[in-house]
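In order, the protein sequences belong to chains V and B. Read in numbering that gives the first Met the number 0, the first sequence has 321 at position 322, and its numbers run on one by one without any break. Read in numbering that gives the first Met the number 0, the second sequence has 176 at position 177, and its numbers run on one by one without any break.
I should point out that these hints are in silico values taken from the structure, not numbers from a laboratory. Just so you know, not all the hints are guaranteed correct.
Identical chains blur together in the list; that is why a pair holds if it fits in one copy or across any two.
List of simulated lysine to aspartate or glutamate pairs, EDC-like, C-alpha gap at most 16 angstroms [as the list claims (entries may be wrong)]: (1) Lys52 / Glu36; (2) Lys326 / Glu135; (3) Lys161 / Glu316; (4) Lys160 / Glu42; (5) Lys159 / Glu132; (6) Lys212 / Glu318.
There are 2 protein chains.
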Amino acid sequence: MFSERILGVDTSALRRVLALVRGGSVISFAGGVPSPELFPMEELGDVIMDVSKMREAFQYGPALGIPELREELAGYMKSWSVETSGGEIMITHGSQQGIDVVARALIDPGDVIIVEAPTYFVALNTFQIYGPEFVEVPLDSRGISTELLEGLLQELESQKKKVKMIYTVPNFHNPAGVTMSERRRKKLAKLAEEFDFIILEDNPYGELRYLGKRVRSIRSFAPDRTIYLGSFSKIFAPGFRIAWLNAPKWAIERLEVSKQTSDVCTNTFGQYVTLEFMRRGYLWKNVERLRRAYWPKLRAMLEALDEFMPEGVEWTEPEGGMFVWLKTGKDADALLPRAVERGVAYVPGSVFYALKPERDRMRLNFTFESEDRINDGIRILAELLS
Amino acid sequence: MFSERILGVDTSALRRVLALVRGGSVISFAGGVPSPELFPMEELGDVIMDVSKMREAFQYGPALGIPELREELAGYMKSWSVETSGGEIMITHGSQQGIDVVARALIDPGDVIIVEAPTYFVALNTFQIYGPEFVEVPLDSRGISTELLEGLLQELESQKKKVKMIYTVPNFHNPAGVTMSERRRKKLAKLAEEFDFIILEDNPYGELRYLGKRVRSIRSFAPDRTIYLGSFSKIFAPGFRIAWLNAPKWAIERLEVSKQTSDVCTNTFGQYVTLEFMRRGYLWKNVERLRRAYWPKLRAMLEALDEFMPEGVEWTEPEGGMFVWLKTGKDADALLPRAVERGVAYVPGSVFYALKPERDRMRLNFTFESEDRINDGIRILAELLS
Numbered sequence: 000m001f002s003e004r005i006l007g008v009d010t011s012a013l014r015r016v017l018a019l020v021r022g023g024s025v026i027s028f029a030g031g032v033p034s035p036e037l038f039p040m041e042e043l044g045d046v047i048m049d050v051s052k053m054r055e056a057f058q059y060g061p062a063l064g065i066p067e068l069r070e071e072l073a074g075y076m077k078s079w080s081v082e083t084s085g086g087e088i089m090i091t092h093g094s095q096q097g098i099d100v101v102a103r104a105l106i107d108p109g110d111v112i113i114v115e116a117p118t119y120f121v122a123l124n125t126f127q128i129y130g131p132e133f134v135e136v137p138l139d140s141r142g143i144s145t146e147l148l149e150g151l152l153q154e155l156e157s158q159k160k161k162v163k164m165i166y167t168v169p170n171f172h173n174p175a176g177v178t179m180s181e182r183r184r185k186k187l188a189k190l191a192e193e194f195d196f197i198i199l200e201d202n203p204y205g206e207l208r209y210l211g212k213r214v215r216s217i218r219s220f221a222p223d224r225t226i227y228l229g230s231f232s233k234i235f236a237p238g239f240r241i242a243w244l245n246a247p248k249w250a251i252e253r254l255e256v257s258k259q260t261s262d263v264c265t266n267t268f269g270q271y272v273t274l275e276f277m278r279r280g281y282l283w284k285n286v287e288r289l290r291r292a293y294w295p296k297l298r299a300m301l302e303a304l305d306e307f308m309p310e311g312v313e314w315t316e317p318e319g320g321m322f323v324w325l326k327t328g329k330d331a332d333a334l335l336p337r338a339v340e341r342g343v344a345y346v347p348g349s350v351f352y353a354l355k356p357e358r359d360r361m362r363l364n365f366t367f368e369s370e371d372r373i374n375d376g377i378r379i380l381a382e383l384l385s
Numbered sequence: 000m001f002s003e004r005i006l007g008v009d010t011s012a013l014r015r016v017l018a019l020v021r022g023g024s025v026i027s028f029a030g031g032v033p034s035p036e037l038f039p040m041e042e043l044g045d046v047i048m049d050v051s052k053m054r055e056a057f058q059y060g061p062a063l064g065i066p067e068l069r070e071e072l073a074g075y076m077k078s079w080s081v082e083t084s085g086g087e088i089m090i091t092h093g094s095q096q097g098i099d100v101v102a103r104a105l106i107d108p109g110d111v112i113i114v115e116a117p118t119y120f121v122a123l124n125t126f127q128i129y130g131p132e133f134v135e136v137p138l139d140s141r142g143i144s145t146e147l148l149e150g151l152l153q154e155l156e157s158q159k160k161k162v163k164m165i166y167t168v169p170n171f172h173n174p175a176g177v178t179m180s181e182r183r184r185k186k187l188a189k190l191a192e193e194f195d196f197i198i199l200e201d202n203p204y205g206e207l208r209y210l211g212k213r214v215r216s217i218r219s220f221a222p223d224r225t226i227y228l229g230s231f232s233k234i235f236a237p238g239f240r241i242a243w244l245n246a247p248k249w250a251i252e253r254l255e256v257s258k259q260t261s262d263v264c265t266n267t268f269g270q271y272v273t274l275e276f277m278r279r280g281y282l283w284k285n286v287e288r289l290r291r292a293y294w295p296k297l298r299a300m301l302e303a304l305d306e307f308m309p310e311g312v313e314w315t316e317p318e319g320g321m322f323v324w325l326k327t328g329k330d331a332d333a334l335l336p337r338a339v340e341r342g343v344a345y346v347p348g349s350v351f352y353a354l355k356p357e358r359d360r361m362r363l364n365f366t367f368e369s370e371d372r373i374n375d376g377i378r379i380l381a382e383l384l385s
């Protein structure tokens with residue numbers, strides 16, 4: 000009875016990760032969700048009480064989102080060096096819906112989508128729905144290697160293959176933790192122009208920078224070719240499912256159709272709560288709080304890795320976000336049951352590849368556990384890897 | 000740059016309707032949204048204050064929805080004579096997402112989808128995304144004519160065309176206002192078995208019955224072949240976008256993948272608010288209130304139609320819901336600008352057809368305006384039709 004489309008989605012990765020995330024008392028480096036004890040309960044209560052008196056918060060809203068929040072976010076985009084307007088913003092149910100809305104509006108079966116290796120695997124599942132051909136481009140410590148990408152694009156062109164889109168997480172990459180350099184962002188923007196493709200810039204972690212300097216958005220270098228995805232799930236509360244996309248004017252009308260046919264409009268109540276949370280300055284206070292809470296956890300993980308890991312194990316040193324990416328030299332899938340038995344969970348790297356999985360990588364989340372448990376967990380992992 | 004899929008969606012109907020709904024001071028029979036002055040503000044405030052203290056209401060939730068709400072809804076399904084369990088329920092962002100999640104998981108390009116003529120046109124737009132072939136089956140005052148349907152199925156079978164699904168709004172149809180009889184529901188269930196197709200039973204208005212007796216759900220006659228869609232948008236508050244689907248066990252796993260790739264999970268805050276609203280008995284109090292508010296409006300419209308309409312104009316006499324369907328003998332599209340000029344808006348019937356639009360029909364919403372304005376609006380329409 001099922002469609003080819005849905006049968007084509009390989010859900011094994013998602014299942015394995017969800018099973019890990021649900022794991023009971025283990026020290027979990029597997030998740031990617033915010034710590035509930037860091038939710039700003041007082042400010043939330045404050046804002047929610049006021050919004051609960053607004054009748055319009057309980058009504059249907061426009062497909063693109065409530066105008067006030069769209070304007071607010073257009074202003075926010077300046078902090079990423081993007082000049083835009085509310086007319087180029089759409090509010091979505093999480094960035095995940097942003098990915099789906101864009102894929103639905105752009106991908107025809109057989110279109111080439113370039114994805115990072117590794118990449119965020121739920122995005123892969125969503126792209127799969129629309130039948131593209133995946134091509135992988137490798138990451139190094141400064142993000143996508145644009146030299147390799149250029150070669151790849153030339154090769155694809157010579158094969159008469161049309162690249163429709165490249166999907167990238169430029170800041171504090173999930174799972175790799177790396178950030179794309181400004182030089183490479185510029186170069187990517189140029190390549191998009193030259194080879195006529197769209198950049199889907201997914202930036203859920205951008206505000207979670209603990210050191211170093213913000214790098215301008217890719218969209219600021221290629222405003223007419225980049226669709227930017229932003230999210231409140233990591234900096235406010237995922238439970239409202241409020242995120243947004245910022246797209247060039249020419250794309251908005253068809254993206255709106257894509258949204259309408261998905262779920263009519265984003266929940267109005269959550270939009271007003273988010274708007275008020277921003278307007279009262281609570282959001283930036285909260286981002287500060289999260290940075291202060293997460294930065295020592297990242298340091299604890301990097302220090303423990305340094306202290307305990309055997310020779311030959313390598314890891315990325317992120318300046319923000321939620322993940323450290325480990326190259327272990329051992330089969331991380333095979334090791335997982337023993338790690339869980341010893342009380343530590345991680346996500347094996349193999350799930351993060353569209354085509355050719357690397358089997359010796361691990362994604363380690365550092366935002367969930369306490370510094371002590373991070374230290375213990377890394378010690379145990381190091382023993383297993385020795 | 001756009002996909003064939005999105006370019007294939009004919010949005011003209013949606014635009015025209017939205018433009019009408021936004022119309023300023025006219026007497027609007029065009030909408031389909033609840034009256035904001037009927038939102039249960041006090042009970043909402045009450046529930047929201049308590050939910051705003053629950054940390055879990057701000058976190059990600061399971062893809063299928065929070066277990067407590069799924070259990071509650073499984074219990075509710077008994078009132079439609081359906082025996083089910085929480086394991087067969089999924090919470091969605093509005094019924095619209097239910098339609099999308101189901102279409103994504105079931106429809107392959109070229110599959111035959113049978114739709115009512117007329118039918119809810121945003122559902123048509125969503126189906127279109129997945130490339131089906133539409134076949135229309137006509138409605139009369141007792142819903143789908145199952146005799147005509149049987150003939151149609153035999154014909155399609157002889158042409159070796161596989162029917163994947165039939166989409167129906169059995170209670171207080173949008174736009175036709177009619178309710179499918181129990182005999183026909185039974186027959187439809189038998190046909191689904193015989194010709195091996197799925198029934199998508201969309202029931203957003205079922206609780207808004209003002210007279211007569213509830214008819215059992217189609218799903219109660221064909222539990223293994225029917226996916227039922229229920230919604231809180233018309234009986235509680237659309238602003239949370241909380242709805243659900245109730246599907247046979249065999250379908251749930253792939254529907255879950257469909258939901259995950261759409262937007263991960265439904266907003267958790269709205270789910271907890273809805274759950275508490277049900278548990279405290281506020282929902283049924285609210286449904287009673289809505290029935291009491293809408294029934295006199297329906298009566299006012301039917302009486303005005305009776306008093307003012309010229310010979311030859313016919314209309315359905317719904318026992319509930321939000322819409323009366325008028326057969327005017329005049330071109331309703333052509334008449335619309337003049338009606339709006341005279342201060343009355345309606346939705347021309349032509350937008351509600353997948354294939355062969357009837358041009359002399361109008362959909363009239365009766366839940367939005369006051370009884371006096373309903374009377375005035377019908378008088379003006381009658382003058383224009385004379």
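Within, between, both or neither, where Lys52 and Glu36 count as close if Cα-Cα is 16 angstroms or less: between (27 angstroms within a copy, 12 angstroms between copies)
Lys160 and Glu42: within-copy, between-copy, both or neither at 16 angstroms Cα: Cα proximity of Lys160 and Glu42: none, with 51 angstroms in one copy and 58 angstroms across.
Intra/inter-copy verdict for Lys212 and Glu318 if alpha-carbon distance must be at most 16 angstroms: within (9 angstroms within a copy, 64 angstroms between copies)
Within, between, both or neither: Lys326, Glu135 at alpha-carbon 16 angstroms: neither (19 angstroms within a copy, 58 angstroms between copies)
Alpha-carbon proximity context of Lys161 and Glu316, limit 16 angstroms: Answer is neither: 35 angstroms inside a copy and 55 angstroms across each miss the 16 angstroms cutoff.
Up to 16 angstroms CA-CA - Glu132 versus Lys159, copy category: Only inside one copy: Lys159 and Glu132 sit 13 angstroms apart there, 32 angstroms across copies, limit 16 angstroms.
The earlier numbered hints that this structure contradicts are 2, 3, 4.
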